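**Student:** Sequences are here, hints too, so could you generate the full structure?
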Amino acid sequence: MLLSEEDWKAVQETLFLLNIPNMRESIREGLETPIGDCNEELDW
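Position in the sequence shown counted from 1, then plus 745, gives you the working numbering.
Please note that the accuracy of each hint is not assured.
Pair by pair, the computed Cβ-Cβ distance ranges are [stated by the list, open to error]:
#1 Met746 <-> Gly781: 33 to 43 Å
#2 Trp789 <-> Glu758: 31 to 41 Å
#3 Val756 <-> Glu777: 20 to 30 Å
#4 Asn767 <-> Asp788: 13 to 23 Å
FYI, nobody ran anything at the bench for these hints, they're computed from the structure. Keep in mind it's a predicted model, so treat the numbers as computed, not measured. Here a beta-carbon is modelled for each residue, glycine too, at the ideal position from N, C-alpha and C.
**Tutor:** Structure representation (structure tokens):
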């Protein structure tokens, strides 16, 4: 299988993020949150 460098970097980033404890659940929760419930300003 051949991947472009861009695709390979995306795979690596995904694997990195999924290895952070609770990140998978946080991403899923964020995807299920309606846009209207999101904050417009960040606390950080």
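**Student:** With respect to the beta-carbon atoms only, verify the hint that Val756 and Glu777 lie 20 to 30 Å apart.
**Tutor:** Because 24 Å falls inside the window, the suggested range holds.
**Student:** Okay, Asn767 versus Asp788 on CB: inside 13 to 23 Å?
**Tutor:** holds, 18 Å
**Student:** Falls inside 33 to 43 Å, the C-beta gap from Met746 to Gly781?
**Tutor:** holds, 41 Å
**Student:** If you check the beta carbons of Trp789 and Glu758, does the distance land in 31 to 41 Å?
**Tutor:** For Trp789 and Glu758 the Cβ distance comes to about 20 Å; the hint is violated.
Checked against the numbered hints given earlier, the structure breaks only hint 2 and satisfies all the rest.
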